[in-house]
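**Q** Sequence:
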Amino acid sequence: MEIKHTFNQADLDTLTARAIDRYKNSVVGHGTLNGAIIQIAGDNPADYTRQVMQLALDGYTLHDTLSPSLGGAAGHYIGFFVKPDNIQLDDIAQLKVTTEADYRSELRRQYDLHLETMVAESVARADKAEAKKAEEKRAKLVEQARKDAIAALGEFDA
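Just so you know, we're using the numbering used here here: the sequence shown kicks off at 1 and counts up by one.
Just so you know, these hints were derived from the structure itself, not from any lab.
Note that beta-carbon positions come from the ideal geometry of N, C-alpha and C, so glycine has one too.
Wrong hints could be hidden among the right ones.
[As the list claims (entries may be wrong)] Pair ranges (Cβ atoms, derived):
| hint | residue 1 | residue 2 | range |
| --- | --- | --- | --- |
| 1 | His5 | Ala56 | 48 to 56 angstroms |
| 2 | Ala56 | Gln94 | 22 to 30 angstroms |
| 3 | Thr49 | Leu89 | 40 to 48 angstroms |
| 4 | Tyr111 | Thr65 | 40 to 48 angstroms |
| 5 | Thr49 | Tyr111 | 51 to 59 angstroms |
| 6 | Gly59 | Leu33 | 16 to 24 angstroms |
| 7 | Thr65 | Ser122 | 55 to 63 angstroms |
| 8 | Ile3 | Pro84 | 19 to 27 angstroms |
| 9 | Gln110 | Leu57 | 42 to 50 angstroms |
| 10 | Thr117 | Gln54 | 53 to 61 angstroms |
| 11 | Asp21 | Gln110 | 20 to 28 angstroms |
| 12 | His5 | Ala46 | 56 to 64 angstroms |
| 13 | Gly29 | Arg125 | 50 to 58 angstroms |
Please take these sequences and the hints and turn them into a complete structure.
**A** Spelled out as structure tokens, the structure:
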């Protein structure tokens, strides 16, 4: 039986689609290094407004489902913005490269693990066969030594 650890484009496509979906729904800094969403925070309305205006000039858009928190008990102003398409396209291009490299690396890791398992099993079988042969040889030596000892001593007669 032949077992292959080969590249499968459909598997890579699935992994890439999942990675892109995670990216599109991730906020940078919330357990991820990269995402399509950024969070801004300001300690006062003027600081927050300056950040919003700069992001708007840079092509960022207000996220349509993550609600901003304005004011709050601590006086913080928080908003969520979506990166512009050109930045997202660059991020996704890099994400595709990383996903493929990770996939190929995982294939190699699985192959190496499988190879080492097969080698270990083969060596264990050979060791077991050698041990059995050695045991049989020892049993023959013991039997021959017993015969030689009886020949030297004679049969027990009492």
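**Q** Now look at each hint and say whether the structure bears it out.
**A** Tested hints:
1. His5 - Ala56: 48 to 56 angstroms: Holds - the Cβ-Cβ distance for His5 and Ala56, about 49 angstroms, lies within 48 to 56 angstroms.
2. Ala56 - Gln94: 22 to 30 angstroms: holds, 25 angstroms
3. Thr49 - Leu89: 40 to 48 angstroms: violated, 29 angstroms
4. Tyr111 - Thr65: 40 to 48 angstroms: holds, 42 angstroms
5. Thr49 - Tyr111: 51 to 59 angstroms: holds, 55 angstroms
6. Gly59 - Leu33: 16 to 24 angstroms: holds, 21 angstroms
7. Thr65 - Ser122: 55 to 63 angstroms: Hint holds: Cβ distance 56 angstroms, inside 55 to 63 angstroms.
8. Ile3 - Pro84: 19 to 27 angstroms: violated, 46 angstroms
9. Gln110 - Leu57: 42 to 50 angstroms: holds, 48 angstroms
10. Thr117 - Gln54: 53 to 61 angstroms: Because 56 angstroms falls inside the window, the suggested range holds.
11. Asp21 - Gln110: 20 to 28 angstroms: Holds, at about 24 angstroms.
12. His5 - Ala46: 56 to 64 angstroms: holds, 58 angstroms
13. Gly29 - Arg125: 50 to 58 angstroms: holds, 53 angstroms
In summary, the structure is inconsistent with hints 3, 8 from the numbered list given earlier, while agreeing with the others.
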